[in-house]
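There are 2 protein chains.
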Amino acid sequence: MSQKANQMWCLSKRPNQNIDASNFSWQETQLPSTLGDGEVLVRTLYLSLDPTNRLWASDMDQYMPPVRLGDVMRGATLGVVEESNNARIPVDSIVSGMWGWQSYFQGGAGGLSLVDPVPDVPLSAYISILGINGMTAFFGLFDVGQAKASDSVVVSAAAGSVGSLVGQMAKIHGCRVVGIAGSDEKCRWLTEELGFDAAINYKLSGWSAQLSASCPDGVDLYFDNVGGEVTDVVIDQMNSHARIAVCGMISRYNEAEPWSGPKNYGMVLMRSLTIRGFLVSDYFKRFSEGMRIVATWLSEGRLQYSVEIVEGLENAPQAIDRLFLGTNTGKLLVRCSPE
Amino acid sequence: MSQKANQMWCLSKRPNQNIDASNFSWQETQLPSTLGDGEVLVRTLYLSLDPTNRLWASDMDQYMPPVRLGDVMRGATLGVVEESNNARIPVDSIVSGMWGWQSYFQGGAGGLSLVDPVPDVPLSAYISILGINGMTAFFGLFDVGQAKASDSVVVSAAAGSVGSLVGQMAKIHGCRVVGIAGSDEKCRWLTEELGFDAAINYKLSGWSAQLSASCPDGVDLYFDNVGGEVTDVVIDQMNSHARIAVCGMISRYNEAEPWSGPKNYGMVLMRSLTIRGFLVSDYFKRFSEGMRIVATWLSEGRLQYSVEIVEGLENAPQAIDRLFLGTNTGKLLVRCSPE
Chain A
1 MSQKANQMWC LSKRPNQNID ASNFSWQETQ LPSTLGDGEV LVRTLYLSLD PTNRLWASDM
61 DQYMPPVRLG DVMRGATLGV VEESNNARIP VDSIVSGMWG WQSYFQGGAG GLSLVDPVPD
121 VPLSAYISIL GINGMTAFFG LFDVGQAKAS DSVVVSAAAG SVGSLVGQMA KIHGCRVVGI
181 AGSDEKCRWL TEELGFDAAI NYKLSGWSAQ LSASCPDGVD LYFDNVGGEV TDVVIDQMNS
241 HARIAVCGMI SRYNEAEPWS GPKNYGMVLM RSLTIRGFLV SDYFKRFSEG MRIVATWLSE
301 GRLQYSVEIV EGLENAPQAI DRLFLGTNTG KLLVRCSPE
Chain B
340 MSQKANQMWC LSKRPNQNID ASNFSWQETQ LPSTLGDGEV LVRTLYLSLD PTNRLWASDM
400 DQYMPPVRLG DVMRGATLGV VEESNNARIP VDSIVSGMWG WQSYFQGGAG GLSLVDPVPD
460 VPLSAYISIL GINGMTAFFG LFDVGQAKAS DSVVVSAAAG SVGSLVGQMA KIHGCRVVGI
520 AGSDEKCRWL TEELGFDAAI NYKLSGWSAQ LSASCPDGVD LYFDNVGGEV TDVVIDQMNS
580 HARIAVCGMI SRYNEAEPWS GPKNYGMVLM RSLTIRGFLV SDYFKRFSEG MRIVATWLSE
640 GRLQYSVEIV EGLENAPQAI DRLFLGTNTG KLLVRCSPE
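Protein chains in written order, with the working numbering: chain A, 1 to 339; chain B, 340 to 678.
So that you can see chain A by itself, here it is in the shape it has in the complex (with noise of 0.2 Å):
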């Protein structure tokens, strides 16, 4: 096999508040020239930017370990196998995994995971839809949230990668479906693409009432993925037994401080409420039913779903701000390499 130079961002200094390319340091090495026992060699197509990453360059104690200063960024990716030392994974396979910010991942697969793409179905959809997005979607608002059809369910970030996802879901699911969102641009995609009832900009004064009139009857569950202020006003509209799905605090994730709860936390006794946080990873040996159903829906054309590339690995570091920023619509992806 030829010798590659594989190129990478790795974190050199934790973010203080945003996240941006100061944090990151631009490295090339060579990998190494031939493939050891069960070894593959990875060609990354896609690098999934997420909120979460803000929380692996932090050091605050978290659900994983923190990234160390030095090390290759982490992140969600998808690739294809370019050499082959392993009998699971034929040269030419499409397989996911988390080897991070780099342009080629060489080493053993236990980390991968192969990906049977479907005639139509693009690539990136593995790395958005029925993927880590697509699934937290999923599990989060039937087997988290246990949506009912009968509920009146709303999404924070709604035009977000897992939001946007949620609320169609909830749809399809026969559920009333009212999502928040940062801008009147989002409200529309939301409302007059995606089919939400009801979408609101909680950037406007008195989102609060609007939320109130989208929901006659209350809050049946709340699919959360922001925290804070936008979901003090939630919980202020929440009927007796209803539900949260924690699924992000993303509100959260700039501040140094510990993540205090709702303002309003005596509504967890005064409506019985039940708030529960959870992890996609929770769910890893769900995937397959879970992306079973999800794949059925999009063949349908019952979802959608926006993806919005940036070009090029070099410029993960500007990129990945967009999300805290709210400048991004749908999943936001990076291509590091044509398919």
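Since the hints were made in silico from the structure, they are not lab data. There may be inaccurate statements among the hints.
[Stated by the list, open to error] Straight-line alpha carbon distances no greater than 25 Å define the calculated SDA-like cross-link-like pairs of lysine to any residue that follow:
| # | chain 1 | residue 1 | chain 2 | residue 2 |
| --- | --- | --- | --- | --- |
| 1 | B | K602 | A | G228 |
| 2 | B | K602 | A | P258 |
| 3 | B | K602 | A | H241 |
| 4 | A | K148 | B | L618 |
| 5 | A | K285 | B | S579 |
| 6 | A | K13 | A | Y63 |
From a predicted model like this one, the values you see are computed outputs, not experimental measurements.
Assemble the complex: chain A is given as a structure, and chain B must be docked to it using the hints.
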């Protein structure tokens, strides 16, 4: 029938911080001299004093309408039927209800439940371990908290009327049980008399380290009666996928401000925690099931309960603040008239 004088405490002023005699006015009225169709006359035997009374006396948004100023103070009660115009409820029946802080109840029987006393079980049990408190502990632990035999269970306000039962029931179930209470004497009672594996006085510095030492494998289930800082400390020590059954937030009831959530609420996400608030009224329909099991444990000598009786309805207002000062042990009852 003879016309009776009814003595009562009415809510005269909403509590600002503590609740005490200044919030009530003593009144005496004559009951109607005749019973209407289906009506009964009940002499109050026991009045239950509970932390939630403080909520009812306030005008905050809560799980049922606040007591109106001028109305008889609301409270759980047990009494004996002295006159009856209702075939379902003969004279001398024991009934439980919510007729509040008054020496008699006269009226329709819709809100009364017939009690079927068992020999050797004192009547006071039916307004404590076999009443609201016992059922709160039972359904909170097993249904809301989904206690498993392998769980390390932590209970706050562990020497209280609910907490002391939760811990014993969890021991019967096979759990490791650690109580948190507000004095060394209470802690001794929990470990030496009730069989808790450990008990920790949260008023002593360093109690957080003691909790950690008492739960070497982390906390799986937290039965929370208090909220506030104690809860923050417990949450820090919870395992991934641990659960919190939120039964009360007594540390907050005297506060005018909205009750904010845990300072380390981010753990909900980082550890996939489930927080479930509940009201015992959610389980009214299943009371007979719970009472049967708890009565069996009681008759087998596997459950101890402590009842502290204040003599005389006239002393109720002075007694209720003891729940907040923590100077009671076990269930606080007022004996309003002799059995």
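We went through each hint and held it up to the structure:
1. Restraint check: the Cα-Cα separation between B/K602 and A/G228 comes to about 12 Å, which is no more than 25 Å; the hinted pair holds.
2. For a cut-off of 25 Å, the pair hint linking B/K602 to A/P258 stands: about 7 Å separates their Cα positions.
3. Straight-line distance between C-alpha atoms of B/K602 and A/H241 comes to about 24 Å, which keeps the hinted pair within the 25 Å bound.
4. Proximity of A/K148 to B/L618 is assessed by CA-CA distance (about 22 Å); at most 25 Å being required, the pair is judged to hold.
5. Between A/K285 and B/S579 the CA atoms are separated by roughly 17 Å; this keeps the pair inside 25 Å, and the hint holds.
6. Restraint check for A/K13 and A/Y63: the C-alpha separation of about 20 Å stays at or below 25 Å, so the hint holds.
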